[in-house]
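Residue numbers (numbering that gives the first Met the number 0), protein chains in the order written: chain X, 0 to 433; chain P, 0 to 140.
Think of the hints as simulated: they come from the structure by calculation, not from any bench. All of these numbers come straight from a predicted model, not from anything done at the bench. Hints are supplied without guarantee of correctness; some may be wrong.
Derived pair list, reagent style DSS-like, types lysine-lysine, alpha-carbon separation capped at 30 Å [as the list claims (entries may be wrong)]:
{"no.": "1", "chain 1": "X", "residue 1": "Lys-409", "chain 2": "X", "residue 2": "Lys-224"}
{"no.": "2", "chain 1": "P", "residue 1": "Lys-60", "chain 2": "X", "residue 2": "Lys-199"}
{"no.": "3", "chain 1": "X", "residue 1": "Lys-409", "chain 2": "P", "residue 2": "Lys-59"}
Here are the chains, one letter per residue:
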Amino acid sequence: MIWNENAECMSRDKMRELQGIRLKRTVEKVYQNCVPYRQQMTEKGITPNDIKSIEDIAKLPFTSKKDLRDNYPFGLLCCQMSNVVRIHASSGTTGKPIVVGYTRNDLNIWNEVGARCFSAYGINRNDTVQVSYGYGLFTGGLGAHSAVETFGGTVIPISSGNTEKQIMLMHDLKTTALACTPSYALYLAEALEQSPYNRKEFKLKTGVFGAEPWTEGMRKELEDKLQIKAYDIYGLTEIIGPGVGHECRCQNGTHICEDHFYPEIVDPETGNPLPEGQTGELVFSTITKSGMPLLRFRTRDLTKLNYKKCDCGRTSVRMEKILGRCDDMLIIRGVNVFPSQIETVICEIPELEPHYLITVDRETNNLDTFEVKVEVKENHYCDEMGKMLELKKHIAHKLQNVLGILPNLKLVEPKSIQRSQGKAKRVVDNRKLK
Amino acid sequence: MLIKQLSIFLENKKGRFNEITETLGKENINMTAFTVSENSDFGILRLIVSKPENALKLLKKNNYAVNVTNVICVQMPNTPGALAKIMNVINKAEISIEYMYAFSTGKTALCIIRPDNPEKTAEILQENKIVLLTENELFDI
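Let's have the full structure, built from the sequences with the hints guiding it.
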């Protein structure tokens, strides 16, 4: 179902016109209300009068995560604190988090785009949605929660963790849709296999997975294991949270709610806009928010955009599955490696569980070591050493073919790779790089 | 005549074998024979135990990668040339052996053999009057 046909199926020309009007309004707002933005624009020698249409967006300065940290906590706020009704923060790993203030209007926008997402997955007011994203500063839990309330579905606000209870309630309350990170879904799938329940006793049919990049291989794995349809929900705290984009029944790209969040693809090195269809860094401008609007925010996510009309009827631009964050890219012995490439290979090998851990280190002779740990499925462990070694060699070579570098592959015992209840940690980089 | 052997995949980690022996010991499961095949990363522990079904369940519950393989156990006098006689039969029948391990118990010696086709091998050996032990006979030693 399409939640807001007017917005989601608008002609490309009308959409660009609308985006232009909204961008202009946003630029005026930040220029008047936000000192750091005004300073940056002044340095570039532009004023709001230079922004006449959406094409003029390239004239504007970028905003980076660093700008958000430098102006911690509320330096980029464009409204009075009295208008802020909620605060969320990004799940940063080091130092101070990135803090975002939401006005009532921002929450309304979030509910609207959230409802679009769930509607696109075929979830409606008759569904019971188990929200197993963490609740709190993280946008996942509350974002999915309010979205479901907006279209009138039933929410089970269980948050993450407490896996046995998750399965019990999923069974007893007849959950039809599960919203969580793909890595936690995988963990739940394993726990479900070991639970006393039979899959037939569950009503689960849809998965709403996001908050970390996942591959097509992982989708297949999750759809097979949980016997559901699995859809991507995309978002980032800085922009609004889950709901910036969503897949539809076609599972052929993530539609972006571009009447609120304008996407661009730029060269991650130079910042120059790239032509349609080229892979580069995704950049977002919020064009309707009032609390903390961001202009040309560098997401560090790598993807490409497709403006063709989708078979689902939506005209909104679609992005490909995210290849990874620029920051996730590992440079090992000079070769660029994305964890998502490793995931793709591992999910294609029938003997393997979809869990892995990458460890990179640097020896005293300055040579990088690159280890990949994988778990063999229990019924594929073999009594014969020769066959096990052959399997190991086969996996290592498949990885080498895709990555261009041969990993030190380690077969490990079942369930020995740590399972995640939130965002999975799949890379350990012990190199002391500057 | 076939004997159930448990094979366990073990990472090359300190204390792993210790854990297994403790796990089995606590449940009163006795080990009759074992061997380890290893490389630098991992090993395969092959075990013959009393109550193999219980041991299998117990190890699986403890998240070990374990599976069951059928092997045969031949008994021979603990004298020079006794094994050669058996190998001769196996060789003539063109049976290939994946692996084997042996131990002596004084006057007799026992050899666990994993051939490519255990059923057929057991038949051929019995036709040639070679003594095969049953599971119960083996556990009584």
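Are there hints from earlier that the structure breaks, and if so, what are their numbers?
When the structure is compared with the hints, none of them turns out to be violated.
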